[in-house]
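Listed below are the residues making up each chain.
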Amino acid sequence: MEKIRDYSNVTLGTNIDKNLQLIKDIFSKDTVLRNKRIGTGLGFSCVVLYFDGMVNVELINQAIVRPLVLAKNGNTAKSREQFVAEDLLYAGEVKVTSKVGDMLSGMLYGDSLLLIENCKNALVINTKGWRTRGISEPQDERVLQGPREGFDEAAMFNLALIRRKLLTPDFCSEMLRLGRRTDTVVFICYLDSLVDKGLLKELKKRLKKIDIDGILDTNYINELIRDRKGSLFKTSGTTERPDIVAARLLEGRIAVIVDGTPVVMTLPYLFSENFQSDEDYYINYKIASSARIIRMVCFFLAVTVPAFFMALVRFHFELLPTAFAISVAESRGGVPFSALSESLLLIFIFEILRETGLRMPQSVGHALSIVGGLVIGQAAVDAKIISAPMLIAVALAGISGLMVPRLKAAVFYLRIIFVLLASVMGVFGILIGWTITLIHILSITSLGVSSTISLSNPTSQGLKDIFYRSSWVKMRERPIFTRKNIIRKK
Amino acid sequence: MKRLIFILLSSLLLLLSGCGREPDKTFLVSAVCFENKEGKILVTAEYISVSDTDVKEGYTAKTASIEAEGVSAAVSRLSGDMTKVLSFSHCAVVMLGKNLTAQNTRDVLSFLKNEEISLSATLVCVDDASVLNAETDSNLSTGYALVSLLKSRGELFGYGTHTKIYEISTARKQKTNIFAIPYVTLKDKKLSADGMMLYLDDTPRLKLDTKESIYYAMARNVYEGGMIEIEDRVEKQKATKIKEKEQEKDNLTLSSNIESEEIKNELEAFINEMQRKGIYLFSSHGFKNIKIEGESPD
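First to last, the sequence lines map onto chains G and B.
Sequential numbering from 1 applies to the first sequence in the working numbering.
Sequential numbering from 491 applies to the second sequence in the working numbering.
Each hint can be trusted.
Listed below are several chain G residues computed to face chain B (Cβ distance under 8 Å; list not exhaustive):
1. 315
2. 322
3. 420
Sample of chain B residues with no beta-carbon within 12 Å of chain G, all distances over it, derived:
4. 498
5. 624
6. 626
7. 651
8. 735
9. 740
10. 743
11. 759
Derived from the structure by calculation, the hints contain no laboratory data.
Bear in mind that the values here come from a model prediction, so they are computed numbers and not experimental data.
A virtual CB, placed ideally from N, CA and C, is assigned to each residue, including glycine.
Full structure from sequences and hints, please.
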């Protein structure tokens, strides 16, 4: 592998032309590097360098070019670069540096570089101004009630959206850069008085260990730092909504913002969060609680229904009411597949339809659902390729699975495993499957915190946001992993 | 190592996934009849045949019979002769031929315990398996039609609902060693269940008509309320409870919550008549006279 040249210890000389050539040479194959020579009113020249499309050109003209051209009096005790940075430029954030590495990373992140004649130091000026998508409601996290703003791809902008929700100096954000080639900006955010310092230290330790070419999305980090790498269950929360991040920070969690993606990661992640909806906290708690219970039931149905039907049909046929048993036998008559093959086939077809519906434009997606679900389904039953009861069982499981999108992967794999177990051992197979699954769920940790900590250390307060959502009047404490400052409301 | 275990487990899972029985590869037996034919056991099964192809969709009830030396052998041979496996899991009725000997009956009842047949299937007594050819208004099978018929008669007259396999097993374990099951016959090619067959020591001993069946149910404390004909009128009787109250030499006094004196007298007469025939309906027996008082039991 060809090594990336390290410029962290390279410094500039005093010759502005040589310095300019050095920068040009570094970016010799980059077509969007722009440079503009400025003859100042003080008798020396400067060169401003930036990447087109990443900067606010108007800001460069007004905050850098204009004051330099119009400058008249330059006799001060300060060095030339200090004088330009502190007394001349109108820019809000100016950094004086001699290290080429710092200059490059600044330029690559939308800053402008100002080279000054006869100066070994250059100025890195904040002129970020790339286009962003702006605030829009996240497609996957729509709510009927509550805030509708969502993150976009600019980390700074996302940070501002969170800060707008948390108007307190307690809010902390630490920046680091990850990815050998992408040098992606990553922010770690937390509320200093609530966060468990041990968890914060652990997260930083894991982030520091990351050694990868590029970080293009939060999931890169998620997969690299997660506790149980082989687990089907999530060990970190993700959201595109600033209100959700703010709420999680208020519970003592840590947020990780990655530049270039609207998805923000929160840690630690409890298993109960899989059943929580963003809207739960904006609507009446009784309605939210019933919806949460339905989601839990749906998870159970999504995993178990095809397997249970398989077990009933092949091993416990006597449990079916006689009329239904005859109906099942009748509908299975002529179907060329075994019940196992049929259920696996249907599960795969359902996943294909779901995935296709997601990738298609919305209008085509609706048509596809109708054609796929109704027309093909009915035709397949009529043609005796599949049986209607199995189709209903798989469809019920599929629709139930849509209620718990955060458990999508787990539901898909568990459904297949459970069907296989049921085809071997009937209902006992399902019981064995659930026993192993529950043991696994209880063993999952997120950043070292048990994802079922509220159940392993049950307290009346800790259970008030698990199986149901209690009213804000009664939820007085934060989750138990906060450890300190646990009182949320007096 | 992990990969090897995964491959082994997956292979095992896939290999074993062929276990179990496909519902379309079985015949669902709805009723089974056991008879004694010249010392051999004749088994007749009514089963539901589901169409394998879509040429003619639907299902039909068919019968098949075979005879063998013993009950198990007969059932095995019957299953072996069929094109699909016989499944007794949805068998609703087990018919005992009137000519079964005590040993035959015991063999059948012990066979039922071991078979996959549901213990909640109803036991009935029949003259022979021709009952399975009855014309019924059920679109399923004679077996299921018979269950519906017995249920409606039970609801109307208040007896006959306690004749499931597990209930008969319990009754057989009692000291009296008697049990009664519905007696089903064919009348004008239609099913008729107008009484019960009383078994003593696993042998059909006495045929009870509807009224006697009601009194038998009252005496055995399984009466659930229904209509009783008294002379020319019909009386409605609530569920009854009979309790042994007092024993004195040859006399046994029972207490009951029956209000009608006529019903009480008829029940008293029925119980005494049974006593005379050597059929003791109560666990303590050997009394010459049994009397019923009108007190309500607790």
